[in-house]
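Heads up: the protein sequence lines correspond to chains A and B, in order.
Per our numbering, the first sequence starts with residue 41, numbered consecutively.
Per our numbering, the second sequence starts with residue 47, numbered consecutively.
Calculated directly from the structure, the hints in this document are not laboratory data.
Since this is a predicted model, take the numbers as computed values, not measurements.
Don't take every hint at face value.
As the list claims (entries may be wrong) - Think about it this way: if two alpha-carbon atoms lie no more than 30 angstroms apart in a straight line, the pair counts; the simulated DSSO-like pairs of lysine-lysine are:
hint: 1; chain 1: A; residue 1: Lys94; chain 2: B; residue 2: Lys112
hint: 2; chain 1: A; residue 1: Lys111; chain 2: A; residue 2: Lys77
hint: 3; chain 1: B; residue 1: Lys112; chain 2: B; residue 2: Lys87
hint: 4; chain 1: B; residue 1: Lys66; chain 2: B; residue 2: Lys112
hint: 5; chain 1: B; residue 1: Lys101; chain 2: B; residue 2: Lys112
hint: 6; chain 1: A; residue 1: Lys45; chain 2: B; residue 2: Lys60
hint: 7; chain 1: B; residue 1: Lys87; chain 2: A; residue 2: Lys111
hint: 8; chain 1: B; residue 1: Lys112; chain 2: A; residue 2: Lys96
hint: 9; chain 1: B; residue 1: Lys87; chain 2: A; residue 2: Lys108
hint: 10; chain 1: A; residue 1: Lys143; chain 2: B; residue 2: Lys66
hint: 11; chain 1: A; residue 1: Lys96; chain 2: B; residue 2: Lys101
hint: 12; chain 1: A; residue 1: Lys94; chain 2: A; residue 2: Lys108
hint: 13; chain 1: B; residue 1: Lys60; chain 2: B; residue 2: Lys112
hint: 14; chain 1: A; residue 1: Lys108; chain 2: A; residue 2: Lys77
hint: 15; chain 1: A; residue 1: Lys143; chain 2: B; residue 2: Lys101
hint: 16; chain 1: B; residue 1: Lys110; chain 2: A; residue 2: Lys45
hint: 17; chain 1: B; residue 1: Lys60; chain 2: B; residue 2: Lys101
hint: 18; chain 1: B; residue 1: Lys110; chain 2: A; residue 2: Lys143
hint: 19; chain 1: B; residue 1: Lys110; chain 2: A; residue 2: Lys111
Unchecked claim - Calculated Cβ distances over 12 angstroms to all of chain A for the following chain B residues:
hint: 20; residue: Gly62
hint: 21; residue: Thr78
hint: 22; residue: Glu105
hint: 23; residue: Ser119
hint: 24; residue: Thr124
hint: 25; residue: Thr128
hint: 26; residue: Arg160
Using N, Cα and C, we set each Cβ at its ideal position, and we do this for glycine too.
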Amino acid sequence: DQQVKQNSPSLSVQEGRISILNCDYTNSMFDYFLWYKKYPAEGPTFLISISSIKDKNEDGRFTVFLNKSAKHLSLHIVPSQPGDSAVYFCAAAANAGGTSYGKLTFGQGTILTVHP
Amino acid sequence: GAVVSQHPSWVICKSGTSVKIECRSLDFQATTMFWYRQFPKQSLMLMATSNEGSKATYEQGVEKDKFLINHASLTLSTLTVTSAHPEDSSFYICSASPARLAGEETQYFGPGTRLLVL
């Protein structure tokens with residue numbers, strides 16, 4: 041049962057344009073969401089996160105949008121740069137507001153390629 | 047930023063041997079560390095949650111006697127793959143969480159360890 045889904049295995053974007061990466065989840069207990077960037081044979085690098093009490097969080101070129109009713113989140117990268125080319129994973133945590141740390145459930149990842 | 051290291055970065059071993067992988071949080075204390083494995087072109091799958099000073103919590107389907115986890119200090123967790131077999135070949139990644147701030151749940155990942163069992 042895939043609780044976090046990234047339905048697009050790959051995305052190709054021209055440099056300078058917007059990259060939009062999508063993620064859907066099924067578990068309504070998830071209340072914290074994160075995006076990670078990963079290069080082959082390396083660990084994921086944290087990019088940006090959002091709590092379920094918000095619907096948007098912005099950090100530089102990266103913005104994450106959360107639509108709780110649709111159980112959908114997206115990562116926008118503007119403007120896209122060739123160095124952004126990597127695999128992007130969304131992840132979700134449940135009961136993050138409690139006293140215990142919630143484990144992360146990852147999506148399958150989306151390969152982003154930004155062409156010069 | 048928070049840095050997590052792993053050692054070794056890659057290891058090749060013979061079937062039947064045991065391999066120990068270390069995960070260290072270099073500039074913060076982590077009461078909780080996580081161990082993941084990733085097969086080629088697949089997502090990261092959580093194997094276990096490692097809590098400092100207590101037994102690890104394993105995910106369903108993960109053999110605790112095969113994947114031994116020790117979290118002896120607030121900056122070090124180890125994963126030992128006992129009697130490794132070729133099917134254990136994978137990319138193992140650890141993560142650590144610094145002390146929780148209100149509303150923050152960020153995990154920082156190590157660079158990963160590539161294990162190849164011949």
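Hints versus structure:
In summary, the hint linking lysine 94/A to lysine 112/B is not supported, as the alpha carbons are separated by about 41 angstroms, beyond the 30 angstroms threshold. Using a Cα cut-off of 30 angstroms, the hinted pair lysine 111/A and lysine 77/A holds, with the two alpha carbons roughly 21 angstroms apart. Annotation: proposed proximity of lysine 112/B to lysine 87/B holds, straight-line Cα distance about 24 angstroms (limit 30 angstroms). With a C-alpha separation of about 12 angstroms, the suggested pair lysine 66/B and lysine 112/B falls inside the 30 angstroms cut-off, and the hint holds.
The straight-line distance between the Cα atoms of lysine 101/B and lysine 112/B is roughly 14 angstroms, inside the 30 angstroms bound, and the hint therefore holds. Among the hinted pairs, lysine 45/A with lysine 60/B is inconsistent with the structure: their alpha-carbon atoms are about 36 angstroms apart, more than 30 angstroms. Our distance criterion of 30 angstroms between C-alpha atoms is met by lysine 87/B and lysine 111/A, whose separation comes to about 25 angstroms. Taking the CA atoms of lysine 112/B and lysine 96/A, the gap is about 42 angstroms. The hint is violated against a cut of 30 angstroms.
Note on lysine 87/B and lysine 108/A: the hinted pairing holds, with a Cα-Cα distance of about 28 angstroms set against a maximum of 30 angstroms. Using a Cα cut-off of 30 angstroms, the hinted pair lysine 143/A and lysine 66/B holds, with the two alpha carbons roughly 23 angstroms apart. Distance check on the hinted pair: lysine 96/A and lysine 101/B sit about 37 angstroms apart at the alpha-carbon level, beyond 30 angstroms; violated. Of the supplied pair hints, the one linking lysine 94/A and lysine 108/A holds, its CA atoms being roughly 9 angstroms apart against a limit of 30 angstroms.
Between lysine 60/B and lysine 112/B the alpha-carbon distance is near 16 angstroms, which keeps this suggested pair within the 30 angstroms criterion. With a C-alpha separation of about 23 angstroms, the suggested pairing of lysine 108/A with lysine 77/A holds against the 30 angstroms cut-off. Pair hint lysine 143/A plus lysine 101/B holds up; C-alpha atoms about 16 angstroms apart against a cutoff of 30 angstroms. Between lysine 110/B and lysine 45/A the alpha-carbon distance is near 28 angstroms, which keeps this suggested pair within the 30 angstroms criterion.
Note on lysine 60/B and lysine 101/B: the hinted pairing holds, with a Cα-Cα distance of about 28 angstroms set against a maximum of 30 angstroms. With a CA separation close to 18 angstroms, the supplied pair lysine 110/B and lysine 143/A stays within the 30 angstroms bound. Restraint check: the Cα-Cα separation between lysine 110/B and lysine 111/A comes to about 34 angstroms, which exceeds 30 angstroms; the hinted pair is violated. Residue-level check passed: glycine 62/B sits 26 angstroms from the nearest beta carbon of chain A, beyond 12 angstroms.
Not every CB of chain A lies more than 12 angstroms from the CB of threonine 78/B, the least distance being 5 angstroms, so the non-interface label is violated. Interface exclusion of glutamate 105/B from chain A breaks down, the closest Cβ pair being 8 angstroms apart, not more than 12 angstroms. Every C-beta of chain A lies more than 12 angstroms from that of serine 119/B, the closest at about 18 angstroms, which supports listing it as non-interface. The beta carbon of threonine 124/B is kept farther than 12 angstroms from every beta carbon of chain A, the shortest such distance being approximately 17 angstroms.
Once the 12 angstroms rule is applied to beta carbons, threonine 128/B is consistent with being away from chain A; the minimum gap is 23 angstroms. Annotated as non-interface, arginine 160/B brings its C-beta within 12 angstroms of a C-beta of chain A; the closest such distance is 6 angstroms.
The structure fails hints 1, 6, 8, 11, 19, 21, 22 and 26 (numbered hints given earlier, in ascending order).
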